[in-house]
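Number of protein chains: 2
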Amino acid sequence: MESTRMSAAAIGQSPYSVVRPCRLHEVPRWDLEADVLVLGFGAAGACAAIEAARAGAGVCLFEATSGSGGTSALSGGEIYFGGNGGTPIQNAAGFTDTTEDLAQYLIMAGGPNVDEARARRYAENSLAHFHWLLEQGVRYKYSFIPERIVEPMTDDCLIWSGSEEAWPFSQQAKPCPRGHTPEFMGMGAGRYLMDVLAERVEQAGVEVHYNTRVIALIADDSNQVHGLVYKHEGRIGYARGRRGVILCAGGFVMNRELLSQNAPQLLRCSQPIGTVDDGSGIQLGQSVGGVAINMAEGFVTVPWYPPETLIKGIFINERGQRFINEDCYHGRVSAHILRQQCDRIFLLLDQASYAEPLFGEHFRIGIGAAGETWTEVEHELELPSGALTATVELYNRHAEAGQDPQFHKAAKWLRPLVDPPFVALDLCVNYAAYTCFTLGGLHTRPSGEVLNAQGLPVSGLYAAGRTACGLPRWGEGYSSGLSLADATYFGREAGRAAAG
Amino acid sequence: MESTRMSAAAIGQSPYSVVRPCRLHEVPRWDLEADVLVLGFGAAGACAAIEAARAGAGVCLFEATSGSGGTSALSGGEIYFGGNGGTPIQNAAGFTDTTEDLAQYLIMAGGPNVDEARARRYAENSLAHFHWLLEQGVRYKYSFIPERIVEPMTDDCLIWSGSEEAWPFSQQAKPCPRGHTPEFMGMGAGRYLMDVLAERVEQAGVEVHYNTRVIALIADDSNQVHGLVYKHEGRIGYARGRRGVILCAGGFVMNRELLSQNAPQLLRCSQPIGTVDDGSGIQLGQSVGGVAINMAEGFVTVPWYPPETLIKGIFINERGQRFINEDCYHGRVSAHILRQQCDRIFLLLDQASYAEPLFGEHFRIGIGAAGETWTEVEHELELPSGALTATVELYNRHAEAGQDPQFHKAAKWLRPLVDPPFVALDLCVNYAAYTCFTLGGLHTRPSGEVLNAQGLPVSGLYAAGRTACGLPRWGEGYSSGLSLADATYFGREAGRAAAG
Chain R
1 MESTRMSAAA IGQSPYSVVR PCRLHEVPRW DLEADVLVLG FGAAGACAAI EAARAGAGVC
61 LFEATSGSGG TSALSGGEIY FGGNGGTPIQ NAAGFTDTTE DLAQYLIMAG GPNVDEARAR
121 RYAENSLAHF HWLLEQGVRY KYSFIPERIV EPMTDDCLIW SGSEEAWPFS QQAKPCPRGH
181 TPEFMGMGAG RYLMDVLAER VEQAGVEVHY NTRVIALIAD DSNQVHGLVY KHEGRIGYAR
241 GRRGVILCAG GFVMNRELLS QNAPQLLRCS QPIGTVDDGS GIQLGQSVGG VAINMAEGFV
301 TVPWYPPETL IKGIFINERG QRFINEDCYH GRVSAHILRQ QCDRIFLLLD QASYAEPLFG
361 EHFRIGIGAA GETWTEVEHE LELPSGALTA TVELYNRHAE AGQDPQFHKA AKWLRPLVDP
421 PFVALDLCVN YAAYTCFTLG GLHTRPSGEV LNAQGLPVSG LYAAGRTACG LPRWGEGYSS
481 GLSLADATYF GREAGRAAAG
Chain A
1 MESTRMSAAA IGQSPYSVVR PCRLHEVPRW DLEADVLVLG FGAAGACAAI EAARAGAGVC
61 LFEATSGSGG TSALSGGEIY FGGNGGTPIQ NAAGFTDTTE DLAQYLIMAG GPNVDEARAR
121 RYAENSLAHF HWLLEQGVRY KYSFIPERIV EPMTDDCLIW SGSEEAWPFS QQAKPCPRGH
181 TPEFMGMGAG RYLMDVLAER VEQAGVEVHY NTRVIALIAD DSNQVHGLVY KHEGRIGYAR
241 GRRGVILCAG GFVMNRELLS QNAPQLLRCS QPIGTVDDGS GIQLGQSVGG VAINMAEGFV
301 TVPWYPPETL IKGIFINERG QRFINEDCYH GRVSAHILRQ QCDRIFLLLD QASYAEPLFG
361 EHFRIGIGAA GETWTEVEHE LELPSGALTA TVELYNRHAE AGQDPQFHKA AKWLRPLVDP
421 PFVALDLCVN YAAYTCFTLG GLHTRPSGEV LNAQGLPVSG LYAAGRTACG LPRWGEGYSS
481 GLSLADATYF GREAGRAAAG
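Quick note, the sequences are listed as chains R and A, same order. With my numbering applied, the first sequence covers 1 to 500. With my numbering applied, the second sequence covers 1 to 500.
None of these hints come from the bench; they were simulated from the model. In this text the structure is predicted, and so the values were computed from the model without any measurement. Every residue, glycine too, gets a C-beta built ideally from N, C-alpha and C. Do not rely on the hints blindly, as some may be mistaken.
To be verified - Computed Cβ-Cβ distance ranges for the label pairs, DEER-style:
| hint | chain 1 | residue 1 | chain 2 | residue 2 | range |
| --- | --- | --- | --- | --- | --- |
| 1 | R | R29 | A | H25 | 17 to 25 Å |
| 2 | R | E361 | A | G500 | 57 to 65 Å |
| 3 | A | R256 | R | M153 | 43 to 51 Å |
| 4 | R | A433 | A | Q172 | 26 to 34 Å |
| 5 | R | E376 | A | C342 | 29 to 37 Å |
| 6 | A | E393 | R | C342 | 48 to 56 Å |
| 7 | R | C342 | A | S270 | 24 to 32 Å |
| 8 | A | H25 | R | P28 | 14 to 22 Å |
| 9 | R | S260 | A | K174 | 47 to 55 Å |
| 10 | A | E380 | R | C342 | 27 to 35 Å |
| 11 | R | E257 | A | E380 | 45 to 53 Å |
What the hints assert, rightly or not - Residues of chain R placed beyond 10 Å of chain A at every Cβ, according to the derived structure:
| hint | residue |
| --- | --- |
| 12 | T65 |
| 13 | Q172 |
| 14 | G402 |
Working from the sequences, and respecting the hints, build out all of it.
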């Protein structure tokens, strides 16, 4: 009966691919040899390469595109630092921050599948990691922006970049601003951050191969990883990693099939944030027994503030119901928006609280309705009669008393919405530009060791950044700077572990 | 540097396991040979074995426990049938059912990651499948219970077992009752169904190995599957499957680690429904490149009706807000309960709508509060002042007019809740007995062929039942009888495909 089954070759499968490793005995030659091989030149790959090289390893880095940066370079460059009394910048702004408060915040932010050990490890080492980045040459200005923003438009540093002051986080961890943005004029400091790190990669003697795709891992029959197969200018090469391979190839937000199979709700977001991010890093790990976890989770946001006066408004769904304390981080609000199982979402404001959203045009947030009474707004939005008005009436009654017993918005944002004209901003999911990236990935130890289904390391394999399931693993708990904190810090850990 | 890495053996890993296949060259001998090897003696495995044997294959079935049944035997034995004009039982009860309506319902029920081809395939073959089960000897009575129940306490057959009559399903697919329960007195007809199928398995000449655990697949270097390694009374055996191996080993609801990594919200349910269901079937498939999809989804329920008068009540969360049309299937309501991100959930009833929940004691549904006014109930529940009363007031106002513009509960269930005393049933998630099972699994074609990350079949490998991601893949769309429909029908398809 054997003949009824076609061989892999006969049905057009390559002998190996990102989902099927090249076996050691299939390797015809070694075109390259190094101690440590790193995939991907984003923040995780750069930090892994730097640390591995400084630990004495010879390092080759493979990058699919023609330059450094990866998806990290698309970001605002913010990193979430704190604990240990606080960074010098937090201290200069008058804040102290305990390691326990940072750990507690990270644990809450991790959600139902939190990795507490990883959260504590980062909290303990966050200040030292801040100093490490300073040593690499990343500059931070001693300045603090107290208003709630998304990222500085200036070269300022410290901001409230999460839900620290919002319920329920504020109840269990003393709030402290922890978003640190590099001293770079304007938005998009991720490119600057990556330029600094790329320079250090070069100085550390890392051999970088651009325009080079990794098409398979090389493993023996017990799935111990020995290297990788790459493709450059149409030619296949075999690279040996004597001590290990580190996967830092991003997440899978650009792979619609993987999204539909694992995180279909993210397909509702029209603006995935990614460069390559095709899931191949995760698949390479799976091909040798690595386990992917938490694959349904993603970060999602539509930055509806600043200006912060908008936080005094209330969000409603198409049933006219509130669903979140509006003083949460914009991503947490957006994750709750996606849970509403309807497309129509509005932010209700009165004249006193209204201002034009700073990024309204860019993210396609428009005015859905306006009126002299809330009944008029409700009618114009074609909402169920009496629903919006009942919601506003209840909110106003409690706000008048400085309370929000339903959703616990902090008192400083509570103001009855009584000053006409009234406005409903439209944040319709299928029109506004919701952005997203994935938070599921390879199951790893904090050291970056990739784990198999038995919870044991896949020998010779490491992962960091969004290829791994790291510190940020819950859209509802995300805070700006968490992904870069995870990628840079645990990238470094993976580099040292692989080298050592 | 090789010496710095320990071999798999040195760190205590078996050479192979459910997560690492035994390679063909590692097989010391064949202890058993058959054309088709089936894992698991639940409904999927039984039907796969029957069909493979009838197609002329020699079949061995491996079951970890000492008897037939699997998790299917724990069920009510209901199967979701319809389309093609309707089953004789639907027709006798006065219903006709088109294939298009059934397909449309199944597609809606499949949720954001629906497999439309599979839904259509089942819709087209559902009536023929009903007749096949009759031929196997499963008896169905020509009777219909029009009341909304969970499963018959009698030997009656046809029931409304889903959300067919509820919004939004009723808007896009003509409602028809499709839950068919075997003629078996009392609840728990799953055991009866499995007894009938087990007899057919025996008659078909299938060789059944009880108390036998499958510990690894056997595959060649291109991951073509050739057999499996099993353990019986402490001894390892090697079984060759000349035409294929079919994985029907259930889901992963009994594996808390896999739940926490993939579907952490299911850990909130205190009553997982499973026998083995440790995820090993899925892991075996993954070990040879099979892809697991939709792993975050699960069925969840607390059967809060019958009696159906309870459907006239309204559910609220701890913020005093409604969140669902209460005439949905109990599992859809329960899935929405789990989305509320709070533990406290109440069903509000007045004297006219109240009755004791039939399964209240079993599922720990108690009375949370009672009062002569809704304000009293709100106060006793310590809900935000004015929230419950505003919700009831809005509901009553529209119900009076026979409408539910917020949630679209059908008119027959709408009655203002105005007849004191008023009652709040308590369905607190961390106290009431929420049951669940998983709906993620191996990515397969309708034929049961397990697919790898390239979307190509893993040669020689099939899966059905909850080891596969099948027809039911969305907790919010689940209907009683869908999992058994999927397991029995696609189990048969897998058996034929493997044999043929």
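Results of checking the hints against the structure:
no. : hint                           : verdict
1   : R29(R) to H25(A): 17 to 25 Å   : holds, 24 Å
2   : E361(R) to G500(A): 57 to 65 Å : holds, 60 Å
3   : R256(A) to M153(R): 43 to 51 Å : holds, 47 Å
4   : A433(R) to Q172(A): 26 to 34 Å : holds, 29 Å
5   : E376(R) to C342(A): 29 to 37 Å : holds, 33 Å
6   : E393(A) to C342(R): 48 to 56 Å : violated, 23 Å
7   : C342(R) to S270(A): 24 to 32 Å : holds, 30 Å
8   : H25(A) to P28(R): 14 to 22 Å   : holds, 20 Å
9   : S260(R) to K174(A): 47 to 55 Å : violated, 28 Å
10  : E380(A) to C342(R): 27 to 35 Å : holds, 32 Å
11  : E257(R) to E380(A): 45 to 53 Å : holds, 51 Å
12  : T65                            : holds, 22 Å
13  : Q172                           : holds, 16 Å
14  : G402                           : holds, 14 Å
Of the numbered hints listed earlier, those contradicted by the structure are 6, 9.
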